[in-house]
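Residue numbers (the working numbering), protein chains in the order written: chain A, 3 to 241; chain B, 3 to 241.
Calculated from the structure, these hints are not laboratory results.
The structure displayed is predicted, hence computed values, not measured ones.
Where a beta carbon is used, it is the ideal one built from N, C-alpha and C, also for glycine.
The reader is advised that the hints may include incorrect statements.
[Stated by the list, open to error] Result set (DSSO-like, lysine-lysine): computed pairs, CA atoms no more than 30 Å apart in a straight line:
hint: 1; chain 1: B; residue 1: 81; chain 2: A; residue 2: 210
hint: 2; chain 1: B; residue 1: 210; chain 2: A; residue 2: 81
hint: 3; chain 1: A; residue 1: 210; chain 2: B; residue 2: 210
hint: 4; chain 1: A; residue 1: 56; chain 2: B; residue 2: 81
[As the list claims (entries may be wrong)] Where chain A lies over chain B, by a calculated footprint (3+ residues, C-beta under 8 Å):
hint: 5; segment: 157 to 169
hint: 6; segment: 202 to 208
[Claimed, not checked] Just a sample of chain A residues kept apart from chain B, beta carbon distances all over 12 Å, derived:
hint: 7; residue: 40
hint: 8; residue: 51
hint: 9; residue: 53
hint: 10; residue: 69
hint: 11; residue: 101
hint: 12; residue: 102
hint: 13; residue: 104
hint: 14; residue: 105
hint: 15; residue: 109
hint: 16; residue: 118
hint: 17; residue: 122
hint: 18; residue: 147
hint: 19; residue: 180
hint: 20; residue: 204
hint: 21; residue: 230
Chain by chain, the residues:
Protein chains: 2
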Amino acid sequence: MTTRLAVRPEPRVRTARHPARAAAPASRGDGNDQETRSRLLTVAERLFADRGFKDVTVREICRGARANVAAINYHFGDKLGLYREVLQSATDAMRATNEAARRAGHGQPPDEKLRRYILIHLQGLLASNYETLHRLIHREMNDPTPVLDAFVEQSVRPRVEYLAGIVAELTGGRPTDQRVLRCVASIHSQSIAYLPNPIAARLGFHFKPTPSQIEEAARHIAEFSLAGVRAVGSKKSEG
Amino acid sequence: MTTRLAVRPEPRVRTARHPARAAAPASRGDGNDQETRSRLLTVAERLFADRGFKDVTVREICRGARANVAAINYHFGDKLGLYREVLQSATDAMRATNEAARRAGHGQPPDEKLRRYILIHLQGLLASNYETLHRLIHREMNDPTPVLDAFVEQSVRPRVEYLAGIVAELTGGRPTDQRVLRCVASIHSQSIAYLPNPIAARLGFHFKPTPSQIEEAARHIAEFSLAGVRAVGSKKSEG
DNA sequence: ACACGAGTCAAACAAGTGTTTTATACAAAC
DNA sequence: GTTTGTATAAAACACTTGTTTGACTCGTGT
């Protein structure tokens with residue numbers, strides 16, 4: 003029936019997720035059981051990233067996971083419950099990248115912090131298993147669901163605040179200064195440009211995300227941005 | 003039935019678009035006629051931008067345009083035909099912006115060409131009537147349809163080539179040089195960041211696209227990029 | 001032995017979907 | 001006046017959608 007993404011009372015998952023006594027889960031001889039659940043997650047992640055929530059049918063996911071049509075409702079309550087769980091793993095993965103970038107820059111001068119931040123994030127962005135997750139986020143940009151709030155708070159905001167801190171160090175401004183925030187936007191947006199997308203493909207930009215190509219791109223963004231930050235940071239505010 | 007976007011033989015539009023003799027089209031007294039067609043286009047543009055091709059139903063469009071369900075099939079053959087026509091007008095509008103930017107930079111030194119290019123494109127990007135069209139393109143990035151090819155060739159490629167020419171002038175490189183192309187990506191991606199999007203909204207970035215705010219953002223991008231281009235352009239290629 | 005519950009399955013369900021059909025109104029061409 | 005072709009409308013069509021049902025396994029606990 004209604005398929006629009008919306009908040010609604012969590013549908014009762016039949017019994018599987020809330021076993022009555024459940025010490026040792028019953029296991030069948032054919033090696034399935036919990037496996038079905040994780041197979042559904044794997045297949046759904048790929049399909050949702052490829053074609054979006056609405057364009058993917060539960061029948062398709064179940065066929066891909068060699069499960070019955072009812073499996074999704076049994077294991078996740080409904081289609082949206084499955085989607086939520088898929089997207090939560092994306093949020094977790096990106097939070098890990100954030101923390102890695104922070105550690106790598108610890109104790110370094112601000113320009114070196116920026117270089118390492120950009121490199122690590124670009125590596126994370128283009129790592130083949132994360133790329134799927136980024137496509138999911140890109141879809142959330144067009145059709146936000148309640149899941150996006152958690153992602154922004156846990157993943158994007160820490161990243162932006164850390165970046166603002168670096169830029170503030172570089173320019174001597176305050177992290178909430180308009181001028182600083184514009185620099186943050188300029189830096190962040192450049193990385194996104196290296197994600198594979200159909201327009202770049204049609205233009206003939208075949209960026210191969212090999213380690214050395216990623217390093218080269220990261221170096222470009224870092225030097226480009228450092229010069230940019232210094233240029234706009236040293237100017238008196240005008241107008 | 004099948005609703006996936008795909009190339010398929012153009013469905014026969016009943017008669018309206020291919021009148022047999024048709025000198026003066028028959029017109030009814032109630033002032034409708036061709037109006038219905040353009041009302042459908044207007045409503046469809048807004049709905050497609052808001053929620054995407056698949057999420058919008060023909061019944062919804064027709065209700066919004068105060069037309070019968072059969073109106074879309076009558077005037078455009080099918081739902082995809084309507085979508086095609088909506089997106090074609092996006093392509094045309096952007097091509098006009100391209101040409102305006104070219105004219106504005108004619109005879110100017112390269113740095114001034116870049117400043118004017120960025121300002122005009124940012125103005126086009128954020129003009130309220132173009133913003134709808136950009137949301138449509140953003141959706142095409144996730145789910146490309148055959149229409150995207152025409153858009154890239156007529157709208158994106160000329161833009162990128164013009165920008166590459168300016169950067170090449172600034173650095174003394176050739177427009178197809180890897181280093182030049184990376185600068186083009188850096189410049190172009192910064193403008194995109196100013197399009198309204200749900201992540202920026204959740205972060206509290208309330209960019210008001212007033213003329214003066216747009217000018218200020220354009221100035222930031224231009225100075226940031228000019229410094230960046232000069233920095234990476236003056237360096238010898240290494241590694 | 002028995003009951004219970006986890007997990008799976010085929011089938012059905014209710015509500016949508018894009019599209020087609022049939023009919024009708026009306027202005028212009030003949 | 002008749003025909004022709006445009007434009008609209010209500011109803012039906014054929015099909016897909018997410019979800020639910022009820023039966024059926026099969027390990028486990030008692």
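Structure-based check of each hint:
1. B:81 / A:210: Judged against 30 Å, a Cα distance of about 37 Å means the pair is violated.
2. B:210 / A:81: 37 Å, violated
3. A:210 / B:210: The given pair, whose Cα atoms are some 37 Å apart, is violated under the 30 Å limit.
4. A:56 / B:81: It holds: about 17 Å lies between the C-alpha atoms, which stays within 30 Å.
5. 157 to 169: holds (count 3)
6. 202 to 208: Holds: 3 residues of the segment 202 to 208 of chain B have a Cβ under 8 Å from chain A.
7. 40: About 26 Å separates residue 40 (chain A) from the closest Cβ of chain B, which puts it past 12 Å; holds.
8. 51: At roughly 10 Å from the nearest Cβ of chain B, residue 51 (chain A) sits no farther out than 12 Å, so the non-interface label is violated.
9. 53: Incorrect as stated: the minimum Cβ-Cβ distance to chain B is 7 Å, not above 12 Å.
10. 69: Fine: 23 Å to the nearest Cβ keeps residue 69 (chain A) off the interface.
11. 101: 19 Å, holds
12. 102: Residue 102 (chain A) is indeed farther than 12 Å from all Cβ atoms of chain B, at 21 Å.
13. 104: 19 Å, holds
14. 105: Per Cβ check, residue 105 (chain A) is outside 12 Å of chain B; nearest 24 Å; holds.
15. 109: 25 Å, holds
16. 118: Given that every Cβ of chain B is farther than 12 Å from that of residue 118 (chain A), nearest at about 17 Å, it holds.
17. 122: Non-interface label on residue 122 (chain A) holds, nearest chain B Cβ at 19 Å vs cutoff 12 Å.
18. 147: 10 Å, violated
19. 180: Violated, because the least Cβ-Cβ distance between residue 180 (chain A) and chain B comes to about 9 Å, which does not exceed 12 Å.
20. 204: Answer for residue 204 (chain A): violated, closest chain B Cβ roughly 4 Å.
21. 230: Incorrect as stated: the minimum Cβ-Cβ distance to chain B is 4 Å, not above 12 Å.
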